[in-house]
Structures are given as structure tokens and as C-alpha cells.
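Protein chains in written order, with this note's numbering: chain F, 1 to 102; chain B, 1 to 102; chain U, 1 to 102.
Errors might be hidden in some of the hints.
Repeated chains share a single entry, so a pair holds when one copy, or any two copies, can fit it.
[Unchecked claim] Under the rule of at most 20 Å between Cα atoms (straight-line distance), these lysine to any residue pairs were calculated in the SDA-like manner:
id, residue 1, residue 2
1, K93, A65
2, K93, D3
3, K93, V17
4, K93, R76
5, K93, P81
6, K93, T2
7, K93, E66
8, K93, A16
9, K93, N24
10, K93, A74
11, K93, S73
12, K93, G55
13, K93, T11
14, K93, D69
15, K93, F80
16, K93, E77
17, K93, Y79
Everything labelled a hint here was simulated from the structure, so no lab data went into it.
As a plain string of letters, each chain reads:
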Amino acid sequence: MTDRTTVKCLTIVAEAVLEQRLINDLRLAGASGWTLTSAQGAGPRTRRVSEAGGGNVRVEVLATAEVVDRMWSALRERYFPQYAVVAWEYDVKVERGELFGS
Amino acid sequence: MTDRTTVKCLTIVAEAVLEQRLINDLRLAGASGWTLTSAQGAGPRTRRVSEAGGGNVRVEVLATAEVVDRMWSALRERYFPQYAVVAWEYDVKVERGELFGS
Amino acid sequence: MTDRTTVKCLTIVAEAVLEQRLINDLRLAGASGWTLTSAQGAGPRTRRVSEAGGGNVRVEVLATAEVVDRMWSALRERYFPQYAVVAWEYDVKVERGELFGS
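So here's chain F without its partners, still in its complex pose (with noise of 0.2 Å):
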């Protein structure tokens, strides 16, 4: 009943416009849900950022480590290289963890 388990929890920074372009590659690397909200950001490719105006994203995602390895892979060859996307992971722990995939 109160058991929690661990699992990985990964935010990630873009620019807004790309909000629906990383749900669809969230679905793709398996994640059943997710968590968005309206950020600002400066970053070390700030520019990049401004340039594109509209402001950022924010999405967190509760997962298996094996669902955040898949979206690592995605950001590191379809976003990292072009757009100024910053990610962070650690671990958290939930309760029912079969709804995260654990």
C-alpha cells in the first residue's frame, strides 16, 4: 500500500514551439505521461532561444530509467545539435510505480 519505488524523473527546457514535437518523441520512447509548464529562459545558447522568441517550455517526465535512456538518445541526435534544449534527470520516488512503468 505504501510501498514507493524509484523511479527517474526528467525535465526538459526548450523553446515552446517544440512542445508537441517532444510529446510525440516522449510517446515514442514510452512515457505514459507528463507535466508542462510555461517557462523563460537563459542559456549558454541564449541567442538561439531569443532569436526564436514565444518563450520555453517546461516538461517533466516520470519514467522508467530504460523510457529516459530512449528520450536521452532522442535529445542527443534530434535536439541538442539544432536547438537550444537543456535536460536534467534524477531520481525520485513515487507511489503506485506500475502507472510510471516500474
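Model the placement of chains B and U on the given structure of chain F, informed by the hints.
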């Protein structure tokens, strides 16, 4: 002065209509503060979220393990069975730990 | 290629009027990027938050421990004594660690 203590950060994402109720339960659990952001989400139970319209609220709470455990109980008893609520917990370091009940 | 390094994520929640000042101090501390989201909050010092009206800003920074320690010093010296500011730090994994000073 620079002592950092470890407390729990509990993040809860729920339908926005549950905001006040969550805050009441956080108070009852003994939390002394929280941060709210507007969010949108999709999850394993997305249908229910979208039926509710109105978006999601993302609540972050820094508190002791004891307070966070009480909030997990509230989630398990009064939210998870009925609502599309996602929650996750992780350890964070803070200064002035006494503000968070440490 | 797939090397992940550990950096610190520092999250700061403060009155929105402090946004530009926080960004200046982040730059001085050596941060190269941050993510801003609008938030509302209540805390142990809520009265001061509500007196200020205007909501809160939530700032997330990925950086080395050294940069984050400098920002903690700034918070301790120029924010905590006067403002309702909450901050917390945790370890995260990133790819392309060099972007964050690693």
C-alpha cells in the same frame, strides 16, 4: 550559518480544481509553505484530467519526512482513488532547516 | 557521447519583484543559464510575500557546486534577512556537462 540540512521535496500535480483542497490537506499534514505553478499534463489517466478541463496545478512542498508521509497518506486515502493526481518525493538540501520543521 | 555528469540544481522561489536582482546575482555567481516560471506561494513568512503582491518567481539553475555555493552566499547575505525567499539544492545528471561548467 552555512549548515545545510536535508528535507523532503514533495511535488504534486493535480487538476486545478483541487488546489484549495490540497492546500488544506497540506496544512493539516503540518506543512508550513508551498509553491504553486500552473501546469498542463497528460498521464496514465489523462481522460479524467481532460474531462475536468481547466488545467493542472503543480504544488511543491519542502518539509520533514514526517509531514510528507502524512501528505502521502492523504493522497492515498482521498485523492489517488478518485482523481488524476501524480506525486513524487526527493531529498533536497536547504539552509535554515528550522523553517521547514527540521 | 552518452556521458552524464552530476551537477547541482538550485531552485529559488522569491517575490517576482526580485527577478532581475536574482538574475544579476546568478550571473555574478558564474551561472550560465536559468529557467524562470511564474509561481504563487505561501511560506513560514507568508505575510511578507502577500504584502508584496504580484506573485512569485521560481528560478532553476544548473551549475557546478562552486557556482551554487556562491549563490547560497548571496542568498544568505542579501536575501534571507530581508525577503521571503526559499531555496533548495539537489544533484541532477546532465549530458554535455561542459555547458554547465563541469
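Within, between, both or neither: K93, P81 at alpha-carbon 20 Å:
Between. Shortest inter-copy distance 19 Å satisfies the 20 Å Cα cut-off; intra-copy 32 Å does not.
20 Å Cα threshold - placement of G55 relative to K93:
So K93 and G55 fail the 20 Å test inside a copy (30 Å) and across (24 Å) alike.
Can you tell me if K93 and S73 fall within 20 Å by alpha carbon in one copy, between copies, both or neither?
Answer is between; shortest inter-copy Cα gap is 14 Å, intra-copy 24 Å.
My question is about K93 and R76: at a cut-off of 20 Å on alpha-carbon distance, are they close within one copy, between copies, both, or neither?
Answer is between: at 14 Å across copies they meet the 20 Å cutoff, but 26 Å inside does not.
Regarding K93 and A74, is the shortest C-alpha distance of 20 Å or less found within a copy, between copies, in both, or in neither?
The answer is between: 16 Å across copies meets 20 Å, while 25 Å in one copy does not.
Should K93 paired with A16 be assigned to within, between, both, or neither, using CA atoms and 20 Å as the limit?
Result: close neither inside a copy nor across copies, 28 Å intra and 23 Å inter.
Up to 20 Å between alpha-carbons, please classify K93 paired with E66: within, between, both or neither.
Answer is both; intra-copy 16 Å and inter-copy 15 Å each pass.
Evaluate K93 and V17 at a C-alpha cut-off of 20 Å and name the case that applies: within, between, both or neither.
neither (31 Å within a copy, 25 Å between copies)
Same-copy or cross-copy closeness of K93 to F80 [CA-CA at most 20 Å]
The answer is between: 16 Å across copies meets 20 Å, while 28 Å in one copy does not.
Up to 20 Å CA-CA - T11 versus K93, copy category
Close inside one copy (15 Å) and across copies (10 Å); limit 20 Å.
Up to 20 Å between alpha-carbons, please classify K93 paired with T2: within, between, both or neither.
Within one copy only: 11 Å inside, 25 Å across.
Classify it for me, K93 with Y79: is the Cα-Cα distance of at most 20 Å met within a copy, between copies, both or neither?
between (28 Å within a copy, 18 Å between copies)
The structure is inconsistent with the numbered hints 3, 8, 9 and 12, although it conforms to all the rest.
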